[in-house]
Every structure is written in C-alpha cells, then in structure tokens.
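Whenever a hint applies, use it, and build me the whole structure from the sequences.
These protein sequence lines map, in sequence, to chains H and X.
Residue numbers for the first sequence follow this note's numbering, beginning at 1 and rising by one.
Residue numbers for the second sequence follow this note's numbering, beginning at 1 and rising by one.
Heads up, a few of these hints could be off.
Claimed, not checked - Examples of chain X residues toward chain H, derived with CB under 10 Å:
#1 10
#2 98
#3 130
The hints are simulated quantities; they were obtained by calculation from the structure and are not laboratory data.
For each residue, glycine too, the CB sits at the ideal point set by N, CA and C.
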Amino acid sequence: MEELHTHDSIHIEGDPSQALPRYRRLRRISVIATSLVALIPLFILVMINYYQDQESYHAETRYTIARILSNNKRTLEFVVAERRAALSLIITQHPYRVLGETDRLKTVLKDLNSSFGGFVDLGLIDSLGNQTVYVGPYDLRGKNYKDQAWFNEVMVRGEYVSDVFMGHRNLPHFVIAFRHESIDGDFFILRATIDMEMINRIFYALDLDPGTDAFLINQQGILQTNSMTYGSVLGKINFEAPRGLRQREVIGEYEEQGKWLTTGYTYIENTPFILMVIKQREKPFMHWFYRRTGLLWFLVVSSALIIAVVIYGAGHTIKRLRELDKRRARIFHNIEYTNKMATIGRMAAGVAHEINNPLAIINEKAGLLNDMANRIPDLPQKDKFMGLADSITKSVERCSRVTHRLLGFARRMDSRKETIDLKELLEEVVGFQKTELVHRDINVSFNIPPDLKPIECDRGQLQQVFLNIINNAFTAVDVGGRIDIAVEESGDDMVKVTFTDNGTGIPEKDLKNIFEPFYSTKGEFGTGLGLSITRDIIQKLEGRIDVQSKVGTGTSFTVSLPRRAKY
Amino acid sequence: MAKVLLVDDEKDFREILAERMMGRGLDADTAESGFKALEMIESKSYDAIILDLAMPEMDGMETLKRLLAKQPHLQVIVLTGQATVQKGVEAVKLGAADFLEKPAEIESLMAKIEEAQARKLALFEQDLDKKISDITRKKGW
Numbered sequence: 001m002e003e004l005h006t007h008d009s010i011h012i013e014g015d016p017s018q019a020l021p022r023y024r025r026l027r028r029i030s031v032i033a034t035s036l037v038a039l040i041p042l043f044i045l046v047m048i049n050y051y052q053d054q055e056s057y058h059a060e061t062r063y064t065i066a067r068i069l070s071n072n073k074r075t076l077e078f079v080v081a082e083r084r085a086a087l088s089l090i091i092t093q094h095p096y097r098v099l100g101e102t103d104r105l106k107t108v109l110k111d112l113n114s115s116f117g118g119f120v121d122l123g124l125i126d127s128l129g130n131q132t133v134y135v136g137p138y139d140l141r142g143k144n145y146k147d148q149a150w151f152n153e154v155m156v157r158g159e160y161v162s163d164v165f166m167g168h169r170n171l172p173h174f175v176i177a178f179r180h181e182s183i184d185g186d187f188f189i190l191r192a193t194i195d196m197e198m199i200n201r202i203f204y205a206l207d208l209d210p211g212t213d214a215f216l217i218n219q220q221g222i223l224q225t226n227s228m229t230y231g232s233v234l235g236k237i238n239f240e241a242p243r244g245l246r247q248r249e250v251i252g253e254y255e256e257q258g259k260w261l262t263t264g265y266t267y268i269e270n271t272p273f274i275l276m277v278i279k280q281r282e283k284p285f286m287h288w289f290y291r292r293t294g295l296l297w298f299l300v301v302s303s304a305l306i307i308a309v310v311i312y313g314a315g316h317t318i319k320r321l322r323e324l325d326k327r328r329a330r331i332f333h334n335i336e337y338t339n340k341m342a343t344i345g346r347m348a349a350g351v352a353h354e355i356n357n358p359l360a361i362i363n364e365k366a367g368l369l370n371d372m373a374n375r376i377p378d379l380p381q382k383d384k385f386m387g388l389a390d391s392i393t394k395s396v397e398r399c400s401r402v403t404h405r406l407l408g409f410a411r412r413m414d415s416r417k418e419t420i421d422l423k424e425l426l427e428e429v430v431g432f433q434k435t436e437l438v439h440r441d442i443n444v445s446f447n448i449p450p451d452l453k454p455i456e457c458d459r460g461q462l463q464q465v466f467l468n469i470i471n472n473a474f475t476a477v478d479v480g481g482r483i484d485i486a487v488e489e490s491g492d493d494m495v496k497v498t499f500t501d502n503g504t505g506i507p508e509k510d511l512k513n514i515f516e517p518f519y520s521t522k523g524e525f526g527t528g529l530g531l532s533i534t535r536d537i538i539q540k541l542e543g544r545i546d547v548q549s550k551v552g553t554g555t556s557f558t559v560s561l562p563r564r565a566k567y
Numbered sequence: 001m002a003k004v005l006l007v008d009d010e011k012d013f014r015e016i017l018a019e020r021m022m023g024r025g026l027d028a029d030t031a032e033s034g035f036k037a038l039e040m041i042e043s044k045s046y047d048a049i050i051l052d053l054a055m056p057e058m059d060g061m062e063t064l065k066r067l068l069a070k071q072p073h074l075q076v077i078v079l080t081g082q083a084t085v086q087k088g089v090e091a092v093k094l095g096a097a098d099f100l101e102k103p104a105e106i107e108s109l110m111a112k113i114e115e116a117q118a119r120k121l122a123l124f125e126q127d128l129d130k131k132i133s134d135i136t137r138k139k140g141w
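This is how it looks when you write it as structure tokens:
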C-alpha cells in the first residue's frame, strides 16, 4: 500500500508515434494553405502585370503602325498630288500648240524637275493615241498607245496613275497621265513618267525600327517599292493584297511562320498604291519575359522565401503543437490520476474511520471480559479465558495498525494546498502535545522571525510531519529536556524549519538508516512508520529532510520546504 | 473517586467502557449525545469528560465548544475513531485537554483521566488562591 502514493509511474496513454501521421497531415495542410494564400495574390499580380504589359505592348505596336501609316500616307499623297497638280496646271495653262513644241516641253520638264523633281520624261499624246511630242531619255515619239489599257482609262476617267514598272536604266517608275479637252473640242493627253526614287526617299526617311517593314503594293499584290521582308520592287508578295475600305488604315495581327506580325495598310488616294506597314513582334510571352526579368526574379525569390518561411513556420508550429498536446495529455493524465488517488484516499479514510468504531467496541468488550475474569477468583479455565480475551485485544491492535496506515495513506493521497502561517502551525502542533510536555517537564522554545511570510502547503500533512519529528525528539530527551524550533527563510522560495533537541543523539552508523521503514517504532502519532513516512511526506511536499546528530549532545532535524509547492 | 462523563453515540461502546471504568473504581456516567452531556454537567461536577467526535445532530467539536463555554476548567479528553493530527490539533486548539484514538488501551485512558483529575485539582487550587487573595485584598486585611 505504501507504494501507491508515488507519482513516478505515470504513463501517457496512447503511443505518441501513432499520432504522427495526424501531425504530418496537419503540417502538409498548413504548408499548402499558407503557401497558397501567400503565393496566389503574388501570381495574380504577376498575371495582371503580364496582361497589362501585353495590352500596352499591343497598343504601342498598333499606335506605331498607325502613326507610320498616317504620316506616310499623307506624305505619299502629297508627293503624288503635288506632281499631279503641277501637271494639271501645266496642261490647263498651256494650249496644245505651245506644249506641242519639243523645246517648250523640254523647258517644262526642266522647270518641273527643278521645282518638284522626279520627272523622267514628258509626252503629249493626241486623241488617236499617237505620241506627238516626247521629251526624255527614250525615243518614243510617234509611238501609238491606242490599244493600251491605261490610254483607255485616261480617256474615260480623265486622269491616270500607273502601277510601277521598270523603266529607263532599269529603275522603277510610274506614270501620271492627264487628258485635256481643248476649246475646239479636241483633246490630248499629257503623260509624265516619274522616278520612284522620290517615293523611295520617303521610305528611307522613315528610319524604321528593325523588324518593321513599310512598302507599297498595288492591288494585284505586286511590290511597288522594295520590301525588307517580301523582296524587291515588282516582286509578288506571298499573301493576298488587302481589300478593304479605301480610306481606312486597317491593322490586323497574325502569326506567320512562327513570327508574330502586326500589319496595317491604307490606300494612297488617287493612286493604285496600297501602303503596307508590317511590324514583326516578339512572341507575347518572350517579350514580357525579356522586359520583366527583374519582376520574374522577384517572383522566384519571393516565392522561394515564402515557401521556405512557411515550411519552417509550419514545422515549428506543429512541433510546438505536438509538445503542447503531449503536455496537455500529461496534465490531463495527472489530474485524472490525482483525482483518482484523492477518491481512493477519501474512500480509504472513510473505511478506516468506519472500522475504528466497531474495533473500539470489540476492544472494550474483550477488555471487559478480561476485567470480569480477573475479578472472579475461581473461574474454571480462567487462564484460557483471559488468554482468549487478550488475543482478541491483540487482533484489534493489529486491525488498528492497519486502519492507521490506511489513514496515513489516505491523507497523502488527498492532499490540499492552503496558505499556512508556519509559526501558528508549529505552536498548534506543540500545543497538541502540551500534556506530554507538562508531564515530562520538557521545555520547547521557538525562534521564528516575526515577519515570516506564509507558505503554501498541505496543512494536515505538515502537521503530521512536525508532530512526528517532535514526538521523535520527545523520546530522545530526558525529563527536563529541551527542544528548540527555529524557522529561517532560505532564499526567496525556501523555508527551513530546524528541530534541535538535547537528547541522547543517534550513533553515526544508525544515522543513514533512520529514514528506512520500520527502523524506529517508538513514539509516532498515527502511522506507525515514523521517520520513513515523514521523509516520504516531505518529499511529496517537494521538500527535504536532513539530520545531524552527536551522541550525548543531541539531534537536529532540518525540514526544507518550498514557499510555493507545485504538486 | 474520579467522576467521569463518557459522551458517545455508540451504546455498546459507551456502556461497556463505563462498566470497565467503574470496575477500576471510577464514577462513570454516560451521555448518548452532546445535548445530554451539556445537561448533565449542570448537576454534577466531573473531573473528566470523555468525548467522541463523530456524533449525529451535534458533533464532538461543537459539543466541546459548548462544554467549555459553560465550564472553562472542564477537562475534556477527545476519544475518536477519526484520529488525524489535524482533528487532534483542532480539538486541542478549541481547548480539549487531551486526545486519544479509538480503539484505545484502557490503561492509557485511565492514565489520562488521572492526569486530568490532577490538572483540575491544580486549577481548582489556583482558583481558590486567587479568590482568597481577591477577598483579602478587598477587605483590606
């Protein structure tokens, strides 16, 4: 029974390793959830950046193309219109007969070139299609154009701008022709060949970015200027010439042979030319990727950091959680254990008290039998009779020892903490023994600091401890002996109570045994186990007991107690 | 002949212990409750009261308080089956003269009664001395 009071053999129910998968899952969920919460906004931001970047790049490209288109269109239209206007002025201001003079026409060509430039030749063609006058590098005088398509067109529409063709010195040219009706009702045609160099210069002047191509085509898809990507003038482009609203600059995007292209085109007013601008773009992702390398690094590094912190944090948290769970389980177990023990203790105390009363009756009855037998002088079998009564009394004593032990055990199981004034408690315990003190003329002195702070402990058990020690001292001292009780505070959290007697003292060889069970059986109150029980109780109260003794001088017991026990 | 009052709710115990004490030459009366004991001390001067703690209606501690309230010099020996140090200290604090556990040896009980009787006598003498000295002082002798 004595072993039951120790708390040493506590085991946590359930193997903690069985709970491991739960913590792993918790950790995994925690890592995933936290990472997602942290990373998703980051990725959304990056995605938004990507789309905004795409959008702006797209808009920028379109804007660039639109600008090239509109500027170039204006310039080209101006160049053509300027020459048309010049020719128109010439044809309306000069009668046929004046222009029909070769010298005169030569002068006109010279003036045109000095004023505007780009004019290669001039010719006058009569209504029958004969070129009557010609000034220029070829000998085209007298050539008849009656069957040519452009002649018919100029006859019908009054003016004509030709596609580009290879002319003099194998250079590209185009033709502007005007029909003029004279006062006599007859009409003639003024035909001028214009060097494409004028036009090409405009394109050169554009100074385009690499990857951007601007060129002219006609409606059949024949290049009218050189193109960087589709070949030289008069080559055929490999896509269909755009057909759309004549006025609009149309911009489209498509992918061709792995290249991302944005194209725009516009018709050049009063010409068969279509101005095309084609800008080769980087792949959408690659463009963003190159432009936003910093952002991407930021994304990668911060993601890595977030994940690292999350993994570390979750690991740490789960570890703490596991520790807390373990501790909580231990505490619950302890509480349960303590409650169980307290219940057992109270039950044991109840049983002991209940048994003590009938034991007392048996004791008295056996005693009475003994008394009666004693008084009758010639009782038959008197010795046997009295022996029986004695044996009942002895059995009662045995039972009584058991109930005492049970009570001692019960007290230790059911421990309660309260605030205790050590001075008062010590005086009470000594007061409890006052009849014995008076009877044996033992002098007890107290040396307790007046400002002693109270301690927290179990009152009943402390009383038991002090009583046991004082009883021990009583048996050691002679009549007229002395016991000194001193209390001193040892540091902030310990209190020392020393009991010094001037008794017989304990031989050194016995000193180490005095705390062993059943070593001394004299003079204890209650438990019958003396100093062994005393030491057990003190240890349970988280204190310690030390003894010093000298044969013939006396013994000194020191009980050290925590000011605030944690049990 | 010492006069003893035994207060215990257990009839068997009470009567047999009384009989044994009488067999040892004591004048032993019994009371089955605290109320009865309080009544009995009015009509007889006891040298010692032997008092049980666990009793119905009025328990031993309460009885002890009331007995001592009536007669402060009363020598009350607590004899109980609920023998814990705490109870003992409590009883002594309330003024009990002595404390004994059930079951008790009759000889130790007898010894305690004897001590109680001696104490009572000493107190009585002390009282008497005091009274005499009071009287002499007052009368100016």
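Outcome of the hint check:
1. The interface hint given for residue 10 of chain X is met, as the beta carbon of that residue sits about 6 Å from the closest beta carbon of chain H, less than 10 Å.
2. Among the interface hints, the one on residue 98 of chain X holds; its C-beta lies about 5 Å from the nearest C-beta in chain H, closer than the 10 Å criterion.
3. For residue 130 of chain X, the suggested interface contact is broken, since its CB lies about 20 Å from the closest CB of chain H, more than 10 Å.
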